Amino acid sequence: MLSAFPSLFLSHGAPNMGLQNSPVRDFMRKLGGSYPKPDAIIAVSAHFETNDAVVVTDPAPGMIYDFRGFEAELYEQVYPAPGEPELAVEVSELIHARGIPVQTLAERGFDHGTWVPFSLAWPEADIPIVQVSIDPEATPAYHYKLGQALAPLRKRNIAIVGTGQITHNLQALFAKGRDADLDSNIKHWVNTFLKWFDEKLEAGEVEDLLEYRSAAPHAKANHPTDDHLLPIFVAMGAAGEQYSARKIHDSVMFDFLAMDAWEFS
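For the sequence shown, the numbering used here assigns the number 19 to the initial residue and increments by one for each residue that follows.
In short, the hints are calculated from the structure, not lab data.
Hints are supplied without guarantee of correctness; some may be wrong.
To be verified - In the EDC-like style, the derived pairs of lysine to aspartate or glutamate whose C-alpha atoms are separated by at most 20 angstroms in a straight line are:
{"id": "1", "residue 1": "Lys238", "residue 2": "Asp201"}
{"id": "2", "residue 1": "Lys213", "residue 2": "Asp226"}
{"id": "3", "residue 1": "Lys48", "residue 2": "Asp268"}
{"id": "4", "residue 1": "Lys265", "residue 2": "Glu217"}
The structure displayed is predicted, hence computed values, not measured ones.
Please take these sequences and the hints and turn them into a complete structure.
Take a look at the structure:
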C-alpha cells in the first residue's frame, strides 16, 4: 500500500467519452489498476459549483445527467457508488479548520465530471465517494488552500481526485470551421499554454501557476472561465508544498481539446 495516495487531476472530456474509442478512454480504463484500491475517493468536479465550499453527505448519491443532445444510452447509465456520510463530516471539519467557509449538503447525485471517468477507472462502483464543490468565483489560490485542507486524508489511502479539463474553450469548439482566425491559431494557443503549464507543474512553481490567468500564454483562449481548471489546484494543494508532479496521460480530442491527466505525490 502507498504511504500516501497520490492526488490526481483528470480531464474528464465530454459525457460520451466512455462510448468512443479513444486514447483517453483506454487510459481511464487502466487508471484504477495503476494504483492500489483506495478506501474512499474525494471527488472535486468542475461541474459541482457553489458559493464557498460544500461537502455532500449523501449516503447513496443518484445520477445527474447534466447535458443535452447526446446518445440516448447515456441517460440510462447508472454509477451506484456509495457515499460516506461520516467521512464527509470529517472533510467539512478539515476544511473549516483551514478557515474556509463550508457547508454540508444532504443530497446530491454524481454529475458527468465524476461518473464518466470514475465508471471507467473504477467500474465496480464499490468505493465510497465524497463530493466537494468548487467555487467558480474564487481564485486558484483558494482552491489550492482547499486541497491543502484535504491533504491529511491521503495518508489513509483516500484518493483526492479533481476532474475538469486542462484546456476548455467550448466556444472555440462550436465555432470551428466558421472562424478562420480561430482555426489557424487555436492549436498554437493550446500547445503554447500546455508547454507553459507542463513546465511550471514539473518545476513546482506554485505561485506562477496560481497566477496563470495573467502569467500563462493564451490563458483566456484556453480557459474563458476558470471552472474547468480549478480542480487541478485542489489536487496540487492536496499533495503538499514539496509535491512531485507527473503527467500520466496526454492526448487531444477535436484537434485542440487536451485530455491531460496528472499525478501529484
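Hint-by-hint comparison with the structure:
1. Lys238 x Asp201: 16 angstroms, holds
2. Lys213 x Asp226: Between Lys213 and Asp226 the Cα gap is close to 14 angstroms, so the pair holds against 20 angstroms.
3. Lys48 x Asp268: 14 angstroms, holds
4. Lys265 x Glu217: 11 angstroms, holds
In this structure, none of the earlier numbered hints is contradicted; all agree with it.
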